[in-house]
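*Asks:* Numbering (the numbering used here), first residue to last: 1 to 506.
These are calculated hints, taken from the structure and not from any lab test. Incorrect hints may have been included.
[Stated by the list, open to error] List of simulated lysine-lysine pairs, DSS-like, C-alpha gap at most 25 Å:
| no. | residue 1 | residue 2 |
| --- | --- | --- |
| 1 | Lys-192 | Lys-160 |
| 2 | Lys-178 | Lys-160 |
| 3 | Lys-205 | Lys-131 |
This structure is a prediction, so every number in the text was calculated from the model and none was measured.
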Amino acid sequence: MNFLKIGNASELAGSDRMAYRLFEILPAFLSVATLLLLIVFSYFQPVFVAYFIILFDIYWLLLVVYLSIHLFYAYSRMMKNIKIDWKDKCQNIKSWDEIIHLIIFPTYNEPAEVILPSFQALIDDGYPTDKMIVVLATEEREGRKAALKAEYIKNIFGNKFRDFLVTIHPDNINGELKGKGANQAWAAKTVKERIIDKENLNYDKILVSVFDIDTIINKGYFFRLSYAFLTVKNPYRASYQPIPVYHNNVWRAPFFARVAASSNTFWQMMQQIRSEKLATYSSHSMTWRALADIGFWSTTMVSEDSRIFWHCFCFYKGDYRVEPLYFPVSMDVTMDISLLQTAINLYKQQRRWGWGVENIPYLIFNTYKNWRCYPMKSFINRIFIQLYGFHSWATNALIIGVIGWMPMLLGGDRFNSSVLSSNLPVVTRTLMIVAMFGLVFSAIISSRLLPPRPAGTRAYKSVSMVLQWLILPFSIIVFGTIPGLEAQIRLAIGKYLGFWVTPKTR
1 MNFLKIGNAS ELAGSDRMAY RLFEILPAFL SVATLLLLIV FSYFQPVFVA YFIILFDIYW
61 LLLVVYLSIH LFYAYSRMMK NIKIDWKDKC QNIKSWDEII HLIIFPTYNE PAEVILPSFQ
121 ALIDDGYPTD KMIVVLATEE REGRKAALKA EYIKNIFGNK FRDFLVTIHP DNINGELKGK
181 GANQAWAAKT VKERIIDKEN LNYDKILVSV FDIDTIINKG YFFRLSYAFL TVKNPYRASY
241 QPIPVYHNNV WRAPFFARVA ASSNTFWQMM QQIRSEKLAT YSSHSMTWRA LADIGFWSTT
301 MVSEDSRIFW HCFCFYKGDY RVEPLYFPVS MDVTMDISLL QTAINLYKQQ RRWGWGVENI
361 PYLIFNTYKN WRCYPMKSFI NRIFIQLYGF HSWATNALII GVIGWMPMLL GGDRFNSSVL
421 SSNLPVVTRT LMIVAMFGLV FSAIISSRLL PPRPAGTRAY KSVSMVLQWL ILPFSIIVFG
481 TIPGLEAQIR LAIGKYLGFW VTPKTR
C-alpha cells in the first residue's frame, strides 16, 4: 500500500490503523495532559507550579526577544527584495525565458469581484504572459453560478495568457473529501492531459503556483520565483514560499480579524528564516517535476497546502525543503457582514489552520513504516519540531493567561500566606510588561506594512491600526489556542474535520 497518500486512520486496517490512531491521539494527549497536570499540581503542589510559571514566563520573554529579532530580519529582507529588479536579474541568466508558469486558482462560491483582481495582478506582474498557463478550477457542486462566473472571467482574460483553462471538478467522486486539494488535483491532471502532455512540454521547465483565489501577487513575483528556481541548489527538490500579507481588505476588516491576520503574517515571516521549521502554507509554488513524481495532491486532506510538502519530504526520503522567497503576496482578512459572523468565520478559519496537526501522525507513521530507508535523524528532528510547534500553539497562551493564576486560586491558605504567593503576580506582571516590547514592535512593523489609507477612510482608522494590538493577549487565546486545541482534540477522538471555505467579502 502507498502510505504516502493516507488521509487519516480510517483508510487503514488492522495494526496499521491502530498505530495511526495512536499517532493521531498523541498531539492532543500531550497538550491536554500538560494543562491538566498543571491544574492538578496547582492544588497539590502549588509551590512547584509557581516556580514553573516563573521559569515559563522567563522562557516566554526570551522567546519574544528571539522572535522579534527574526521578525525584524525577515521584514528587512522582504522590503529589500521588493525593491530589487528581479526581471533584470533573470535576464542575466541563460534560458530564463524557457520557464513556463502554471498558475492554478481553486474557487468555490467566491464572487467575481474577489477573483478579478487576482487575475489582473498576473498581467500587472510584468512577467511575459505568453509563458503563463492559467487555470480557474471550479466546482461542479457550485452549479450554474460557477459556469456563468467562469465564462465572464474567461471573456475578460481568456486571450491574455499562453493558455487559459476552466476546469470543472466533478461532485461526489468516491473517496474524495470535498475541498481544495481534490479540486486542484483534478485541475492539474486536466492540464497535464490537455496541454502539457499533448504539446509535449518539458516537465523540468514548468513551475506550478497554487494560489488561494484571493491571492494578489506583488509586482515581480514570477521574476522573483524564476530567479530563485534558477539559482538555488537542487531546485527540483524544493517548494518556494512567499510571505502572505493580508492587505486586500485590511482597512475595512474588523480590528480583531486584522490582529489575527497580522499575527499570522509575522509568524510566516519568522518561519522564512528558520528553514528547518518551514513547510508550505497557503499560496506557494513548486516544480511540476516534483508534483508529477508524487502523483499530485491528496484528495482526502483538509490541510493540502502543507501536506504536499510532507508528501514530497517523505517521497524523496528527507531530500526536500522549502526555499523562502522573502517576497509578499496579498490576501484577504476574514470579514463578513457582521462582527459576530466575522468572529465565527475567523474561529473556523483558525481551527482549519490548526487542523494542520493531522500532518504529525502522517509523518510519524511514514517514519515508522520506512525507518530502514529514511535518514532517521532528519525525520525525528522534523517530528519533534512539529510536536513542539502544535503543543506550543495549544498550551502557551493558556499557561500564561490562565494556569498562572491557578496556584493562588487552588493552592489554599498555606500557599496564599507564603512570600512566594505574594511575589508570583508581581514577578509575572513584571516579566509580561517587559515582554510587551514584542507587542509594541509588532504594532510598528504592522503599521509600516500597511498599504496607503483608501480615499474616504477617516484618519482615526490609522490610530486604531496601532491600538488594535492591545487585544493581542485576548486574540491569541480566543483565535489561536482554543481553535488549535479543539482541532487536536477532534483529531484524537476521530471526529475528522471537513474542508471549510472561508467566505470572502470586500
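*Asks:* Against each hint, give a clear statement of whether it holds in the structure.
*Replies:* Structure-based check of each hint:
1. Lys-192 <-> Lys-160: holds (20 Å)
2. Lys-178 <-> Lys-160: violated (31 Å)
3. Lys-205 <-> Lys-131: It holds: about 11 Å lies between the C-alpha atoms, which stays within 25 Å.
In this structure, only the earlier hint numbered 2 is contradicted, and the remaining ones agree with it.
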